[in-house]
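*Asks:* As given, the protein sequences belong to chains Z and R, one line each in that order. Numbering-wise (the UniProt record's numbering), the first sequence opens with residue 1 and increments by one. Numbering-wise (the UniProt record's numbering), the second sequence opens with residue 1 and increments by one.
One thing to keep in mind: the hints can contain errors.
To list a few chain R residues with every Cβ distance to chain Z over 10 Å, as calculated [unchecked claim]:
1. Phe-115
2. Ala-164
3. Pro-256
4. Ile-261
5. Ser-264
6. Leu-269
7. Glu-276
8. Ala-325
9. Asp-327
10. Ala-329
11. Glu-330
12. Lys-333
13. Asp-457
14. Ala-471
15. Arg-474
Sample of chain Z residues facing chain R (criterion: CB under 7 Å; computed from the structure) [stated by the list, open to error]:
16. Arg-29
17. Phe-71
18. Arg-72
19. Arg-87
20. Gly-116
21. Arg-119
22. Arg-123
23. Val-126
24. Ala-127
25. His-128
These are calculated hints, taken from the structure and not from any lab test. Every residue, glycine too, gets a C-beta built ideally from N, C-alpha and C.
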Amino acid sequence: MSTTRAQQGVPYTPGRSGDVVAGLLNDGRAESVAKAAVTEAVRRGARLRFVQIVEEGLSPDERAEADQATFRAAVHALRGLRGIPCRFEVVTGDPTPTLLELTRGAAALIVGTDEGTARTIARRCVAHAECPVVTVPISAA
Amino acid sequence: MQLNLTGLSMPRSSHAVTTLLNAVLAVGSGLDLSEVLTRIVRSACDLVGARYGALGVLRPDGEGLMEFVTSGLTPEEAGQVASQPFGHGVLGTLIRDPRPLRLSAVGEHPDAVGFPPGHPVMTTFLGAPIHVRGEVFGNIYLADKVGGLEFTGEDEELIVALAAAAGMAIDNARMFHMARSGRQWSDALREMTQALLYGRDQRVALSMLVQRAQLAAEAELAAVALAGEDGQLIIEASTGTDPRSRLIVGTPLAEPHWVTILDSGEPLLLLSREGEAVADSLAAQLREASGLPPHGQTAIVPMSVGTGSLGLLVVAWGEGESHTAYDAAEPLKQYADLAAVTLTAASAQRDRARMVVLEDRERIARDMHDVVIQRLFATGLGLQSASRVAAHPYVQKRLSEAVDELDLAIKDIRRMIFALHQPESQPLSEELHDLVVSFAEPLGFTPRLTVVGPLDDPETVDEWLRLDLLAVIREALSNVARHAQAGEVDVAVVVQADLVQVTVEDDGVGMIETGRRSGLANLSERAAGRRGSLVVLSPMAVLGGTRVIWEVPASVGAGPTGDPL
């Protein structure tokens, strides 16, 4: 039988391993990063933390719009998968230190590697994060 | 799976066999999973004389443990162990290689990593995997055989046999739980559909919906929010362990994320833990308003029908109920979708029922118009011609009185026919609003409407007064539209101290030059019929403007206009 343990009704409790953290930027690629994070969380039976990083200096309207766009991407990524515990956070600040701080004790960090900002963030996270880092290339979009 | 008792290779005492059988019986005698796990650990310790015992439940990814049930530890030690990550060192060896493992000194094994702080030091070790339906469920770990002895080969075989029994007991407990929760859900589905389809009051049916959901999901809160015509989500029913859960009824869910979830049609399970910032959590506010701690699990389940969703079912648990929430995710979605279908069906059913009533009324109205009125009219004509030929003045007088009575009767019937054409459910204030808005075109602007007092209360304003009010305002407004050349009209309906007062005020050319008496005569008649009054104030032409005040007593079970007394 090829059913997974989760399908057999084995509790899908977030394990001691910690959370899977998805670092989302409002750059139009949030959904592919979120999808990769969902896959990772399902595999580990971990809780999924969607962390949306908002640049400093945005107006409340821009912030709300960015929040809405990434939230929608995350909800799309979860399509068809039920019962995965998740959490949505919006953090304002410099992405890399914020992610490094948030992933202390996490099971994995998922970030995109686009050209520009995302690539820099990904490179720094791979170098400094305490947990495994999964990078999602553009082609995954 | 079978107990491989015959495979026990060594000659053994009947005592060992008896202990094993007892242990197997003990393990199999419960149906609650956590109880079964505890019993397995205790039985295993008793069976081989181990001081410490533990059962580790494997994580879904099979790379670590997610639950650790212990025996033989003091509460402090148990607390210490529970706060450490599980499944490192030798325990991890068994996870990677699920075969029985027997050691004389656990600390000397190559995989040993030492004991974490607060963990008692252990020497002899025996471990064995537990299989459930062919998959590794977890491991039994035993340490420190009583009397400083090493675990024997016989111990190992006994534990392997017990592990097989444990696997079956775990499977049974799980099946039992699934069957019980399945039955609870099917009960909930049946009762919810019945309440929605056959209940007279949708609010009652919705509170039944949330009550059954809370019960079946073993949750602390269940609430349902429905989307209005403007797409705004409003909580329509709510129930929970805290009485404050009922207070959130009527609250709009204004945060745009709610609508995103509604549109996606996909359920979300939110989980936040003690100590985490809650400012960003979508569910925290709702939970706190319902008297729950902000942390814990919250399922947000769209009630989908076809490609759209009617609303959201929100179910919340405490922080520690992760199994329950996970198990409930799938049935909750089915429950919510069935509720959506049922709500749609119920509303179609109500529309159909209303249609039947309307058609029936239409038929009665037609019959009255075509048959009854024509007949009365013919009788009236007959009487009228009879009165012309009647010689006696008394007979003449009586006949003309009878004709007048017939006229009144015809008027009443016409009024009733008009009433039959009105939908019954719309409150008067809404009807007035619609009426006033309908004058926007002839007037060129929308009149202002002010309503004060219990206008929608049928005790204060009965059917007949309602029709009069509508007629009075309609006539007053059409007077304004025809003659006044007004730029503004204020309509006020005030119900106060058993009086109903309608004021229609415009800033037009005033009454004096225009002689618009016909409409006013009608208003005056309607006022007189209710022993009320009509006052028309029209200042000098230079000032302009007219104020019409129509005032009558509120209904106190009064009959129709033109009360015969």
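*Asks:* Against each hint, give a clear statement of whether it holds in the structure.
*Replies:* Okay, the hints, checked on the actual structure:
no. : hint    : verdict
1   : Phe-115 : holds (17 Å)
2   : Ala-164 : holds (19 Å)
3   : Pro-256 : violated (6 Å)
4   : Ile-261 : violated (6 Å)
5   : Ser-264 : violated (5 Å)
6   : Leu-269 : violated (5 Å)
7   : Glu-276 : violated (8 Å)
8   : Ala-325 : violated (7 Å)
9   : Asp-327 : violated (7 Å)
10  : Ala-329 : violated (3 Å)
11  : Glu-330 : violated (6 Å)
12  : Lys-333 : violated (6 Å)
13  : Asp-457 : holds (43 Å)
14  : Ala-471 : holds (50 Å)
15  : Arg-474 : holds (46 Å)
16  : Arg-29  : violated (18 Å)
17  : Phe-71  : holds (5 Å)
18  : Arg-72  : holds (5 Å)
19  : Arg-87  : holds (6 Å)
20  : Gly-116 : violated (26 Å)
21  : Arg-119 : violated (27 Å)
22  : Arg-123 : violated (27 Å)
23  : Val-126 : violated (21 Å)
24  : Ala-127 : violated (25 Å)
25  : His-128 : violated (22 Å)
In the structure shown, a violation is registered for the earlier hints numbered 3, 4, 5, 6, 7, 8, 9, 10, 11, 12, 16, 20, 21, 22, 23, 24, 25, in ascending order.
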